[in-house]
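*Asks:* Chains as they are written, first to last, in numbering that gives the first Met the number 0: chain A, 0 to 333; chain B, 0 to 333.
Honestly, the hints are just simulated from the structure, not real lab data.
One or more of the hints may lead you astray.
To be verified - Calculated pairs, DSS-like style, for lysine-lysine (alpha carbon to alpha carbon, straight line, at most 30 Å): (1) A:311 with A:182; (2) A:215 with B:305; (3) A:224 with B:311; (4) B:91 with B:215; (5) A:305 with B:305; (6) A:182 with B:325; (7) B:311 with B:325; (8) A:325 with A:311.
Number of protein chains: 2
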Amino acid sequence: MKWVRRWFIAGLLVAGAWAAASSLVQAADALSSWNEGTAKASIVRFVERTTAARSPDFVPPAERVAVFDNDGTLWAEQPMYFQLMFALDRVKVLAPQHPEWKTQEPFASILKGEMGAALAGGERALAELSMATHAGMTSDGFERIAREWIATARHPVTGRLYTEMVYQPMLELLAYLRANGFKTFIVSGGGIEFMRPWSERVYGIPPEQVIGSSIKTKFELRDGKPVLVRLPEINFIDDGPGKPVGIQMHVGRRPIAAFGNSDGDLPMLQWTAARPGPSFCLYVHHTDADREWAYDRTSSIGRLDKGLDEAKARGWTVVDMKTDWKRVFGFDPR
Amino acid sequence: MKWVRRWFIAGLLVAGAWAAASSLVQAADALSSWNEGTAKASIVRFVERTTAARSPDFVPPAERVAVFDNDGTLWAEQPMYFQLMFALDRVKVLAPQHPEWKTQEPFASILKGEMGAALAGGERALAELSMATHAGMTSDGFERIAREWIATARHPVTGRLYTEMVYQPMLELLAYLRANGFKTFIVSGGGIEFMRPWSERVYGIPPEQVIGSSIKTKFELRDGKPVLVRLPEINFIDDGPGKPVGIQMHVGRRPIAAFGNSDGDLPMLQWTAARPGPSFCLYVHHTDADREWAYDRTSSIGRLDKGLDEAKARGWTVVDMKTDWKRVFGFDPR
Chain A
0 MKWVRRWFIA GLLVAGAWAA ASSLVQAADA LSSWNEGTAK ASIVRFVERT TAARSPDFVP
60 PAERVAVFDN DGTLWAEQPM YFQLMFALDR VKVLAPQHPE WKTQEPFASI LKGEMGAALA
120 GGERALAELS MATHAGMTSD GFERIAREWI ATARHPVTGR LYTEMVYQPM LELLAYLRAN
180 GFKTFIVSGG GIEFMRPWSE RVYGIPPEQV IGSSIKTKFE LRDGKPVLVR LPEINFIDDG
240 PGKPVGIQMH VGRRPIAAFG NSDGDLPMLQ WTAARPGPSF CLYVHHTDAD REWAYDRTSS
300 IGRLDKGLDE AKARGWTVVD MKTDWKRVFG FDPR
Chain B
0 MKWVRRWFIA GLLVAGAWAA ASSLVQAADA LSSWNEGTAK ASIVRFVERT TAARSPDFVP
60 PAERVAVFDN DGTLWAEQPM YFQLMFALDR VKVLAPQHPE WKTQEPFASI LKGEMGAALA
120 GGERALAELS MATHAGMTSD GFERIAREWI ATARHPVTGR LYTEMVYQPM LELLAYLRAN
180 GFKTFIVSGG GIEFMRPWSE RVYGIPPEQV IGSSIKTKFE LRDGKPVLVR LPEINFIDDG
240 PGKPVGIQMH VGRRPIAAFG NSDGDLPMLQ WTAARPGPSF CLYVHHTDAD REWAYDRTSS
300 IGRLDKGLDE AKARGWTVVD MKTDWKRVFG FDPR
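Please model the complete structure; the sequences and the hints are all you need to start from.
*Replies:* Structural data, given as structure tokens:
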């Protein structure tokens with residue numbers, strides 16, 4: 000009966016090879032906006048060696064935590080952070096209720112459309128702008144405001160909805176990871192409540208998997224009705240060294256994969272790389288001035304300097320947007 | 000062919016009735032430690048009307064968020080909060096490294112076993128105790144300490160592991176809700192990092208669904224190795240009005256079901272009850288001095304006073320542990 004066993008084993012081998020081949024095909028299909036190259040290959044290799052049941056690097060599904068920066072990693076961040084555009088639009092909407100803004104900076108300059116002057120006040124001006132536009136209402140009220148803005152506001156350069164300014168290859172990557180049992184989280188310096196109203200629809204990431212910066216809130220009963228009031232006080236800055244802190248606070252596990260585009264993401268990538276067992280770190284490098292923007296070491300928005308050096312030194316994956324991505328946005332020609 | 004259609008419809012009706020009956024049977028099996036009564040019936044009714052596809056109160060799975068207090072709701076909290084027992088045990092372990100504790104309160108009294116004197120210092124004494132035992136190490140280090148303690152420490156009255164002091168009917172309720180598409184969260188005044196090392200094993204609740212009180216942490220590179228250091232500074236108190244704040248911060252959606260046992264849970268229940276659409280609020284009332292403990296309006300631990308009044312006024316479900324639960328703990332006789 001030896002031949003029976005031999006045939007049986009041969010059958011298993013063929014079935015195994017077929018399964019492996021079809022998994023590769025699936026990956027190729029799933030990542031169809033990625034050109035063949037080292038970036039795509041490194042992603043697929045990592046997913047396969049951490050999910051194949053017999054792989055020595057197998058990671059149980061519960062531990063397959065993947066964290067993504069948002070601005071510049073999942074959607075664009077030029078010519079300025081989209082949440083800043085939101086704040087500027089809010090100033091215009093709220094101006095009639097604030098006659099004092101006509102003479103008070105940074106509001107006076109914003110209302111005159113003089114952005115340079117408005118931002119000359121630096122961090123203090125930004126903080127005043129944030130609090131005037133993000134605090135004072137209830138959490139439900141802010142959610143409505145953010146939801147309405149994102150549904151209608153348009154990017155100043157492309158004229159597209161901001162939710163169209165998301166990177167098609169990264170949407171495919173999110174879906175590919177989830178199809179392989181990964182749980183995907185956003186870990187952004189942006190406001191947590193600014194992202195949540197649309198993160199599920201746009202990225203497939205539910206609100207409970209969104210981590211971001213926040214202001215303090217307070218529980219109150221107003222005429223017997225419970226509300227959460229947004230206070231003009233910083234609660235948490237989810238940027239730079241804050242990102243691992245935010246991950247530990249919200250997830251409570253070390254990620255096995257981290258995706259960013261700037262030095263502000265470096266601690267998150269370091270934290271991920273230092274876990275025992277396999278890990279994957281990837282930087283999106285903005286190299287495509289035609290289809291998107293090109294910037295790195297000297298940019299005031301999304302500076303990638305130390306991160307680029309560390310990525311090279313440690314062999315992390317660096318995506319060259321110009322050569323690695325077939326399409327940048329969903330509206331780019333196929 | 001009318002009779003064919005009639006038979007067909009009759010068949011559908013029978014099938015429907017059979018499905019409904021078997022769903023009730025499944026609920027009855029799933030909640031086998033619950034006696035038949037209004038508490039169990041109200042739970043089953045709520046789950047059925049929010050999950051049946053054609054119910055006017057149907058809630059999509061993504062919105063089926065259920066939040067549970069821990070101390071006194073999922074596990075016992077007498078004769079004192081278990082995390083306080085952990086802190087006292089840590090003082091004994093750490094005492095050799097702290098000769099100054101021999102004369103310094105609350106440590107001196109703890110080391111002499113005089114708990115009354117130790118706690119006479121009130122909140123300040125508790126804060127000193129917490130920081131001395133919960134801060135100073137890395138997040139990984141604290142996880143190891145909590146994990147080892149919970150695996151070996153025993154309850155002073157029953158001699159059981161603390162993880163055996165969980166309520167069997169509540170374990171069944173957690174599983175029943177999850178089987179019906181609910182996502183279960185812990186929302187506890189206890190320490191978030193104290194619960195996470197065992198919440199998945201004991202409750203089936205993964206670390207990213209645990210919300211609790213926390214101290215601040217700081218990201219550092221120590222000899223190039225990234226660590227999160229636990230600082231002796233309060234970050235967030237997840238109790239009373241803090242519970243809705245913590246829920247919004249971590250979940251970003253309003254729960255549709257909330258389970259607690261004390262006035263510290265009241266804002267969480269109010270927040271849940273005030274959502275538009277169906278909601279369910281339940282209080283566990285400690286009424287069983289034989290199998291567990293009996294306490295409510297005047298207890299210093301787990302006081303249930305205003306909450307009991309509000310539950311009655313608003314028709315929330317109140318579990319009478321003595322009559323509603325067949326068994327309290329898994330080790331109770333069936």
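*Asks:* For this structure, which hints from the list above don't hold up?
*Replies:* 5 and 6
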